[in-house]
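Protein chains in written order, with this note's numbering: chain H, 1 to 427; chain U, 1 to 427.
The hints are simulated quantities; they were obtained by calculation from the structure and are not laboratory data.
All of these numbers come straight from a predicted model, not from anything done at the bench.
Just so you know, not all the hints are guaranteed correct.
A pair counts as met if it fits within one copy or between any two copies, since identical chains are not told apart.
Claimed, not checked - With a straight-line Cα cutoff of 27 Å, these simulated DSS-like cross-link-like pairs (lysine-lysine) come out:
hint, residue 1, residue 2
1, Lys218, Lys112
2, Lys218, Lys28
3, Lys75, Lys28
4, Lys351, Lys75
There are 2 protein chains.
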Amino acid sequence: MEQLRMNIHQWLIEHQCSIIDHLQRLIKAAGHPDQPENHVQDVFINHWNQNNYDVRVHPLNEVDWTKIPILYLAKPVEQLNQLSNVSALIRGSGGGRSLLLNGHVDVVPVGKREQWYVDPFGGELIDGKVYGRGATDMLGGIVSMEYALESIRKCGIKLKGDVTICAVVEEESGGAGSAASVLQGITADAAIIAEPTACQLYPIQQGSQWFRIHIRGKGAHGGTRDLGVSAIEIGMNVIKAIHRLEANRHERGFQAHLHRANGIAYPINIGTFHAGNWPSSVADEAILEGRYGLMPGQSMQAAFAEMEDVILKLNAQDKWLEEHPITLEWYGARWLPNALEAEHPWYDVWKQLPIRLGRDIKAAPWGTDAGWLAHIGNIPVMVYGPGTPEQAHQPNESILISDVILAAEEIAIAMMLWCGYDIDQQE
Amino acid sequence: MEQLRMNIHQWLIEHQCSIIDHLQRLIKAAGHPDQPENHVQDVFINHWNQNNYDVRVHPLNEVDWTKIPILYLAKPVEQLNQLSNVSALIRGSGGGRSLLLNGHVDVVPVGKREQWYVDPFGGELIDGKVYGRGATDMLGGIVSMEYALESIRKCGIKLKGDVTICAVVEEESGGAGSAASVLQGITADAAIIAEPTACQLYPIQQGSQWFRIHIRGKGAHGGTRDLGVSAIEIGMNVIKAIHRLEANRHERGFQAHLHRANGIAYPINIGTFHAGNWPSSVADEAILEGRYGLMPGQSMQAAFAEMEDVILKLNAQDKWLEEHPITLEWYGARWLPNALEAEHPWYDVWKQLPIRLGRDIKAAPWGTDAGWLAHIGNIPVMVYGPGTPEQAHQPNESILISDVILAAEEIAIAMMLWCGYDIDQQE
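Excised from the complex, chain H in its bound form:
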C-alpha cells in the first residue's frame, strides 16, 4: 500500500501542470457572463470524455421538485430548468463498495471588485496558488477528486467498487442540484464532498435555516416616548431570549472534540435589525432577520418548535404583545444538518489514512450538500477537501496547488480502502 501511495503521489506531482491548467479552465468558465454553471459543466464533460469516462448529463428540468418538499428553491424553476448536473460512472471490477464523489460547480458572486488585486476569473498562478472565484469553493476540490480517480487508474490500480463522480449545480443557493442528483439516481454506498476543509475531516455539518421576525410597536412622539411601545426595545428582548435559547442548544449540542474551534456549537445569528423611520418618533415596527443553526440528530420540526416557543412565551408575557404578537417566519435558504456516525465503516476508512498534516476532526459550522445526500439518498458522507474555509467567499480567493495534490492523494487512498482494489496486471 505504501508503494502504491508513493506511485500515486509521484503521478500527481508529475501532472501538476495539467491540474493547474484544468483548474484555470474551470475558473475561467465560472466567469462566463451567461449561464456560467453550464460552461463549467462543459469543461468537465470535455475532460471526462478525454478520460474515456461514461459521461451523463442530467437536466434539472426532468426533476419533480414536489418530491422534495423540504427543499427551499431559492431560484425560480424556469431558471433551474436551464441547468444540468453532470456525472460519470467508472465501473469497478466487482465485489467492492461503491463511492460517490460530489462537488458543486456554482460559485458565489465576486463581491466588491475593487477588493480584488487579481482578475476574479483569471485563474492566475502566483507563488504556487491559483487565484479566482471558486478556486477554493470548490472547483479545486472537484479537481482533487478527479485527479484522485485518474491517478489510481494511471497507476495500474483497479477498484472493485463503482465510482461515480458528479458535478452538481446550485449548492450555494441551498442545494437544489445535489437534492436533484439523488432523484436522478446518482447514489453510492458512501460519498465524499470535497468542500474546503484544509484537509481536515468534517464528518458533521451544521444545518441552517433563515428566519424573519416581525415586531409591531406603537408610535408616539419622542418627547412622550413612554406613551408609545418601542419596537426596538421589543427587538432587544427578542434577541436576549434567542441568545438564551442558543446557550441552551449549545449546552445540549456541544461536543468538545468536534466543536473546540467553535465558541458556539449551533449559533443563532441575528444578521439584520431594521426598525423605525424617524429619529423623534417611537419605532412602531421592527424586522429582524437571522440564521438558525441546526444540529444533526434533531428534526427540523423539533428545531423550529424550540424557536417558535421562545416567541410564543414572549407574546404571552406582555399585554401589548398578546394583542400585537411578534411573528416568526421561516424563509429563504435552508441547509440540512448532517452527521456521519463515528462508528460507520466509511468513517473508519478516514481514520486509517496516513496523517501528514496535524489532521483535525471538526463539526463544520456551515451546511453542505451532505445534508441532501444523507436525508434523501441515505448516503453517508465525509466532507473533506483542499483549501481553507477562510478563503471561501472572500476577495482574492486562492488555493495552493500542493493542497489540491495532497487532497487528491488522500482521496485516492480513501477510495482504495473503501472500494477495494486489485493491481492491474496489464499495467
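Once you've looked at the hints, dock chain U against the given chain H.
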C-alpha cells in the same frame, strides 16, 4: 374688569362666523401647491390691512444666519430666501409693557391622504370644528391671538403697551422664522406663542436635538458568529447606556407639578435602528438615530457632553471599541428648551386669569419657537393656545371654534393685564 371680559366674550361670539371664515381661508392657503407659507402670509397681510394695522413684511433673504450659529438650518438658504415673516405693530397709548403675539404659518405634511376623511385643505366646518392641516397647529392659535387683539379694540379698550403680532415661517423645520424675527427687530417685554395647549399653560418646553450613532462591528459567517463582533449587540448596549442616562436626567429634571403627565421628564428616544444586510452574516455596521430631550436651565454644551460621555465610556470599556470607536453626531432638527420663571411677572398675569376649564400647568414634551425668542431675544414666553396637542400632525386635524374663542378671550385678558389699559371714551 369682569364687565370688560363679558363684552369681549360677547363680541367674539358675535364674530364667530368671521373667525371661522378667516381660519378657513388660512387652511386653504396652507394647501397651496406653490410656496404655501407665502400664501398664508398674504391672507394675514390682507386681514391686517383691513384692520388698519401697520403691516410689515420681513424677507428672510435679509437675514445674516451666521449671527445665529446655534440654529440648524433644515432647508437650503435659497429656499428660505423665498419666505418672509409678516408683522403688525399696534402702538399703545404709552406707559405699558409691550407684548409680542407669535405664531407660525407653516404646517406639517398631510401624511397618508387615505387616512383623511375630509379634504386636508378644505377647512370644512363639521359639528363646531374646522378641519384641515394646520387647524390646530397652529393657524387656529394665530386666529385666537388676532381676534383677542381685535376684540379689545372693538370693545373700546385702549392698551397702554405696544402689541406686535408676528406670523413667522419655518417653525416645524426648527424655528428659522422666529430666530430670524428677533434679528429683524421684532421684540417685546413678553410674548405669547399660541401653540395648541388645550388652553393649559405651558411655561416650560422641552428642547430637543437629533443625533446619529454610528457603530462598527466585525463581519463573520453566522455559523461562527462568535468570530465576529455584532454591531447589533453593541447597539443594544448603547441603548441600555442611553436609557441609564435618561433615568439620571429624569431624576434631576423631574418636577412633579409640571411633569406629572410625562412618564419621563426629558426622554432620549431611539427612533431608528438599522443594522446588517444579510441574515447569515454578523452585522458589521449599525446606525441609530434619535432625539435627545433637552432640559431648560442646562446649556446645550453641557447636555451634549453628558451623552458624549456615555459613548466615550462605552468606547473605553471594550477592546474592539477602543480601536473602532462608536461615534456620535449631532445633526438635524434642534429646538432650544425654554422656561418661563415661576416668579416672573408675565407668569403672574396668567395665574390671575379666571379658570374656567380645569386649567393645568405643564412642561411641554416638545419644543416651540419660545426657545429662540428667549435665547436670542431674551423674551419671556408663555406657550398657550387653543386646540389639543394630540390633534397636531395627525390626519383629520381639527379645532373646536369654541376653543378658539375661549383662547381669544383669555389672551385678551392677559394682554390687558400685561400691557395695561384705559377705556376708550370715544367708543
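Using 27 Å as the alpha-carbon threshold, which applies to Lys218 and Lys28: within, between, both, or neither? Neither: 54 Å inside a chain and 32 Å across chains, both beyond 27 Å.
With 27 Å as the alpha-carbon cut-off, assign the pair Lys351 and Lys75 to within, between, both or neither. Classified as neither; 39 Å inside a copy, 71 Å across copies.
Using 27 Å as the alpha-carbon threshold, which applies to Lys75 and Lys28: within, between, both, or neither? Within one copy, since 24 Å is at most 27 Å while 52 Å is not.
Between Lys218 and Lys112, at a C-alpha cutoff of 27 Å, which is it: within one copy, between copies, both, or neither? Answer is between: at 17 Å across copies they meet the 27 Å cutoff, but 39 Å inside does not.
Going down the numbered hints, you'll see the structure goes against 2 and 4, while the others check out.
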